[in-house]
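Undergrad: Listed here are the chains, written in short residue letters.
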Amino acid sequence: MVDHLLGIQGLSKSEIYRYLDTAHSFVEVSERDIKKVPTLRGKTIVNIFFEPSTRTLASFDIAGKRLSADTINVSIGSSSVKKGETLLDTVRTLESMKPDVLVMRHSESGAPHFAARCLSNTSVVNAGDGQHEHPTQALLDLLTMRQHFKGRGIEGLKIGYVGDVRHSRVARSSVWAHLALGNEVRLIGPKTLVPEDFARGTFGPGMVQVFDQLEPGLEGLDVVVALRMQLERQEEHFVPNLDEYSREYCISERLLSKVAPNSIVIHPGPMNRGTEITSDVADGPRSLIRQQVTNGVAVRMAVLYLLARSVQSLEEVAHG
Amino acid sequence: MVDHLLGIQGLSKSEIYRYLDTAHSFVEVSERDIKKVPTLRGKTIVNIFFEPSTRTLASFDIAGKRLSADTINVSIGSSSVKKGETLLDTVRTLESMKPDVLVMRHSESGAPHFAARCLSNTSVVNAGDGQHEHPTQALLDLLTMRQHFKGRGIEGLKIGYVGDVRHSRVARSSVWAHLALGNEVRLIGPKTLVPEDFARGTFGPGMVQVFDQLEPGLEGLDVVVALRMQLERQEEHFVPNLDEYSREYCISERLLSKVAPNSIVIHPGPMNRGTEITSDVADGPRSLIRQQVTNGVAVRMAVLYLLARSVQSLEEVAHG
Amino acid sequence: MVDHLLGIQGLSKSEIYRYLDTAHSFVEVSERDIKKVPTLRGKTIVNIFFEPSTRTLASFDIAGKRLSADTINVSIGSSSVKKGETLLDTVRTLESMKPDVLVMRHSESGAPHFAARCLSNTSVVNAGDGQHEHPTQALLDLLTMRQHFKGRGIEGLKIGYVGDVRHSRVARSSVWAHLALGNEVRLIGPKTLVPEDFARGTFGPGMVQVFDQLEPGLEGLDVVVALRMQLERQEEHFVPNLDEYSREYCISERLLSKVAPNSIVIHPGPMNRGTEITSDVADGPRSLIRQQVTNGVAVRMAVLYLLARSVQSLEEVAHG
Chain A
2 MVDHLLGIQG LSKSEIYRYL DTAHSFVEVS ERDIKKVPTL RGKTIVNIFF
52 EPSTRTLASF DIAGKRLSAD TINVSIGSSS VKKGETLLDT VRTLESMKPD
102 VLVMRHSESG APHFAARCLS NTSVVNAGDG QHEHPTQALL DLLTMRQHFK
152 GRGIEGLKIG YVGDVRHSRV ARSSVWAHLA LGNEVRLIGP KTLVPEDFAR
202 GTFGPGMVQV FDQLEPGLEG LDVVVALRMQ LERQEEHFVP NLDEYSREYC
252 ISERLLSKVA PNSIVIHPGP MNRGTEITSD VADGPRSLIR QQVTNGVAVR
302 MAVLYLLARS VQSLEEVAHG
Chain B
2 MVDHLLGIQG LSKSEIYRYL DTAHSFVEVS ERDIKKVPTL RGKTIVNIFF
52 EPSTRTLASF DIAGKRLSAD TINVSIGSSS VKKGETLLDT VRTLESMKPD
102 VLVMRHSESG APHFAARCLS NTSVVNAGDG QHEHPTQALL DLLTMRQHFK
152 GRGIEGLKIG YVGDVRHSRV ARSSVWAHLA LGNEVRLIGP KTLVPEDFAR
202 GTFGPGMVQV FDQLEPGLEG LDVVVALRMQ LERQEEHFVP NLDEYSREYC
252 ISERLLSKVA PNSIVIHPGP MNRGTEITSD VADGPRSLIR QQVTNGVAVR
302 MAVLYLLARS VQSLEEVAHG
Chain C
2 MVDHLLGIQG LSKSEIYRYL DTAHSFVEVS ERDIKKVPTL RGKTIVNIFF
52 EPSTRTLASF DIAGKRLSAD TINVSIGSSS VKKGETLLDT VRTLESMKPD
102 VLVMRHSESG APHFAARCLS NTSVVNAGDG QHEHPTQALL DLLTMRQHFK
152 GRGIEGLKIG YVGDVRHSRV ARSSVWAHLA LGNEVRLIGP KTLVPEDFAR
202 GTFGPGMVQV FDQLEPGLEG LDVVVALRMQ LERQEEHFVP NLDEYSREYC
252 ISERLLSKVA PNSIVIHPGP MNRGTEITSD VADGPRSLIR QQVTNGVAVR
302 MAVLYLLARS VQSLEEVAHG
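Sequences listed follow chains A, B and C, in order.
Residue numbers for the first sequence follow our numbering, so the first one is 2 and each next one is one higher.
Residue numbers for the second sequence follow our numbering, so the first one is 2 and each next one is one higher.
Residue numbers for the third sequence follow our numbering, so the first one is 2 and each next one is one higher.
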């Protein structure tokens, strides 16, 4: 029986801390002169991406290599999918090559969960599925907050997600995490991108507050999460136009200094500077955006380690 | 002088067994906790694919890495070919970077043979050339049969290839192997896809039987090989339409139970479920389809090992 | 503080020799049975290519792997660039994953220089930027000449660049190198591709001679560098048509035997045989074209080594 990381929904607080504690111990590996540990030598990690990706794929690839695993990157789009093979057959075929972990990004929500149900000997990591979950991004955001709020910890925080919450798998994964940790979560954006009933329908009644105005939404926040506005949202009529959107919802230093002066700001990237975030915030002292990327490698090392080593870990427990 | 693996045609029975024996010894490497041997450390394997591929490329890549070789994947299509460089110059350029093995897939029949003639220090492996050969697929099929028919061996078997034999490099390589082993081979499919004179013209008179009806073709077979029906064959008027094709030629459990009850079924993948094979066969007890993929890694490890180590092996013989 | 290799312009003679001496010591690694040294174990090299490339990418990838570094290849085009991310954010994001070296190819001149200014902990190598520089190609050409002119050295040579000099980043980098070494440089081609004022404007008055006729240009040369004629130049009206171009400027054995009988010929590749170079030259005894490719791996090993080890090298100097 193998473990998977398919989403944050359903993870307990202690499971979340287990990932964060492990990631914490991997942070310094990437600071070393020789950035490599032999932990996963002889393990095979297949990164199968059905959607293009630069940063997440590179991050998983680097994470695997720094653990001394063999990493295989499979980009689907031009090959088997065109040939009409089912997702079931694609993942079973890959499993038959005996990888230890399958890291999957897919445009369909639930695809990694389906893969996990089909496979019996390979761990599946969800690297982003449709508009559903992106659990390693949520974990790296938490690790970043934990480093910043060293003294007080990451429970009891006020967090706000700003922008296109409706389509954001990052926001969805993260809100589940914050609910598990008992944090106060706000979703902030135009009604088309943060419908009132969406929050209730997704996370349950009373769990999450919705704001359709930026200033009251940001007020008193500890953490502001700027979400990427995808340019195609304008064509899809979710926002009238991007200029107008940014006048109402772009996160600026002027506003943060006024209503959330001690807040930190993070962004899952890639950023549209001037649309959802101003450059003075992105490059300013409250921005932990680059630290997020650094932590992304550590979190993915932790996830790969915990999944690929799960059998031995149990043995270690047994003999420990 | 280096060795190549360009095709099965012309290989002797003992050469075939040499690949199978070596592959057999590599099967268990992929079952280990640490799936890696240092055999090809410091060797460079270049996988140059002029056609898109998921499974074959991943299989060679994993095989190389499990032998501790450095693997370089070069996908051609968007770069040098567009720039007008000849195949000769492309492979000579790569050879000048001192790889030990060049694994090549190409849409033109004979391209790897041409490459092998041009190169003097690099072994070439044919990973599929046009409608000509795909030798590692034939070898992995044989390894799979050998594991199944453990007691009696793989000589004296009755094998049938069903479907689009005309365009199948897998079938062509495999038939050469079975003729070398003295097996009885049948080609089964509509006359457009298995012309009577094609079998004679390719393999010689009297070597291979042709059937244009499924039931008599399957009768008494030990091994049924379902071939992939490419959807474009309908547009090319090789089959009237795929529904009609599958009514006549789809391999079903009902039929196999009746006419070849002890047969095993294999498929080179990717499968069109419901077109050339029913799901009850593909996922049933006589299917060895997933085992084929597992064996693919072992066969490719064997091929890379035998070619990249050829010089030393001779030395070992000399000093042994 | 990290070092970069952004161009040849501005390098001193001793800096050029430092690269060549180091590359010289790496040449034999690729001749070994085990083509690998542990020098950069635990280092991360990211090859980020904004333009398609086969040979240069493969060369850097092989170079990194033969030094035991982890190499990550990021092809941009389909992912983040489409998502509207700035180059600044793309390279900063990658830097946050803690690579030691970023090898960059970009269609815009100056992109690697911009990246180098943005980054503080990652070395940048220019693998070709627009029509500006391609320093590792210039260095591998020099290494090739140095091997050939073993006795007399590479100073005081007469070198000619033939063809599309205007658009050639290879020619530009190389001319800077030859000017640093005190070599005589000629640019040879039709006036549209080698404008008189271009040479003056780029390299300064009196530094470089321009010839619009092949025969007098080649006369007495020690080294002839054939440049690739891009087919689109005809559409852009730089040459009337390629047949006419090749009648005037194609480098042939007949002509070389007559006017530069002891010359060697190199070409950065990929070649258009029959357009800028005849096959009797390309495949003949004066051609060092394949040796260039072999040297390319050694030069890139040297560059990666010198940049990724720069801190330790200084320490070595301090403690040495």
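No lab work stands behind these hints: they were computed from the structure.
Please note that the accuracy of each hint is not assured.
Same chains, same label: a pair holds when it works inside one copy or across any pair of copies.
Calculated lysine-lysine pairs in the DSS-like style (CA-CA distance at most 30 Å, straight line) [unchecked claim]:
id, residue 1, residue 2
1, K151, K99
2, K99, K259
3, K37, K159
4, K99, K192
5, K37, K192
6, K259, K159
Undergrad: Determine for every hint whether it applies to the structure shown.
TA: Evaluation of the provided hints:
1. K151 <-> K99: between (41 Å within a copy, 23 Å between copies)
2. K99 <-> K259: neither (55 Å within a copy, 35 Å between copies)
3. K37 <-> K159: Close neither inside one copy (36 Å) nor across copies (48 Å); limit 30 Å.
4. K99 <-> K192: Cα proximity of K99 and K192: none, with 47 Å in one copy and 39 Å across.
5. K37 <-> K192: The answer is neither: 47 Å in one copy and 54 Å across copies each exceed 30 Å.
6. K259 <-> K159: The answer is within: 16 Å in one copy meets 30 Å, while 68 Å across copies does not.
When the structure is compared with the earlier hints, violations turn up for hints 2, 3, 4, 5 and for no others.
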